[in-house]
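Trainee: One-letter residues, chain by chain:
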Amino acid sequence: MANVLDYVPEAEGDEALYIGKVISDLTDEQATRFANVYRARRKDPQTIMIVCLLGFLGLAGVHRFMLNQVGMGILYFFTAGLCLIGVIVDLVNYKDLTFQYNRGIAQEIRSLI
Amino acid sequence: MKLFKKHFEWLAFAGALILMASIDPYSYKTSWCLFDLVGIEFCPGEGLGHSIAFLFRGEFTSSLNANLMGPFAVVILTGRILSIWNSFFKNYNLDFLENKNG
Chain A
1 MANVLDYVPE AEGDEALYIG KVISDLTDEQ ATRFANVYRA RRKDPQTIMI
51 VCLLGFLGLA GVHRFMLNQV GMGILYFFTA GLCLIGVIVD LVNYKDLTFQ
101 YNRGIAQEIR SLI
Chain B
1 MKLFKKHFEW LAFAGALILM ASIDPYSYKT SWCLFDLVGI EFCPGEGLGH
51 SIAFLFRGEF TSSLNANLMG PFAVVILTGR ILSIWNSFFK NYNLDFLENK
101 NG
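These protein sequence lines are chains A and B, in that order.
Just so you know, the first sequence maps onto residues 1 to 113 in this note's numbering.
Just so you know, the second sequence maps onto residues 1 to 102 in this note's numbering.
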């Protein structure tokens, strides 16, 4: 039975729990294959937070583009992060935002294995 | 706390939309812009609240005059809220594996 700490050590909290369930019934070879693809495609929560902070320097919305939310990214870009209020909301919520994205990626990869 | 974290984003955006919709668009006394509060004069989001307030009162031209991104903001934020609600109903457990194997 595959253990998430062996294959995706950078996952924390909810992400680690979810990935643990996803790979729990995979063989070692399948888990390695899953982890290789997942680690290449996942977004790191700390990176999203740092990019979100750019909103305070006038460049808002880049983190939303990274999470494949183009409409929100354009909105943030042209409104200075909804007058910084959106930037603050995202700073509070960056872990959940990133987890939602990573969860979708995990499901997509798992369905291909 | 976990429940609050789960619902924080859509609650914040829905609350902001409702708040902006309820302000008096003909009054320019209050500003919710954080750039304004800090003292920075230029803000590309200036007038966004008034734009949304005009839009909810049916004054589309005034809405665009206040801020070009106003109507776009309402559409995108509403879409984002609906997308978050949709994700609550979506199964992120592993049932999709049973469909694949079965």
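Calculated from the structure, these hints are not laboratory results.
A quick note: this is a predicted structure, and the numbers were derived from the prediction, not measured.
The beta-carbon is built from N, C-alpha and C at its ideal position, and this holds for glycine as well.
Hints are supplied without guarantee of correctness; some may be wrong.
Claimed, not checked - Pairwise CB distance ranges (calculated):
1. A:Q30 <-> B:W85: 57 to 67 Å
2. A:P9 <-> B:L64: 49 to 59 Å
3. B:W85 <-> A:T47: 21 to 31 Å
4. B:E59 <-> A:F56: 31 to 41 Å
5. A:K21 <-> B:T61: 50 to 60 Å
6. B:F89 <-> A:D25: 43 to 53 Å
Trainee: Now, for every hint given, state plainly whether the structure supports it.
Mentor: Each hint tested on the structure:
no.: 1; hint: A:Q30 <-> B:W85: 57 to 67 Å; in the structure: 34 Å, violated
no.: 2; hint: A:P9 <-> B:L64: 49 to 59 Å; in the structure: 51 Å, holds
no.: 3; hint: B:W85 <-> A:T47: 21 to 31 Å; in the structure: 27 Å, holds
no.: 4; hint: B:E59 <-> A:F56: 31 to 41 Å; in the structure: 33 Å, holds
no.: 5; hint: A:K21 <-> B:T61: 50 to 60 Å; in the structure: 53 Å, holds
no.: 6; hint: B:F89 <-> A:D25: 43 to 53 Å; in the structure: 25 Å, violated
Of the numbered hints given earlier, the model fails hints 1, 6; all others are met.
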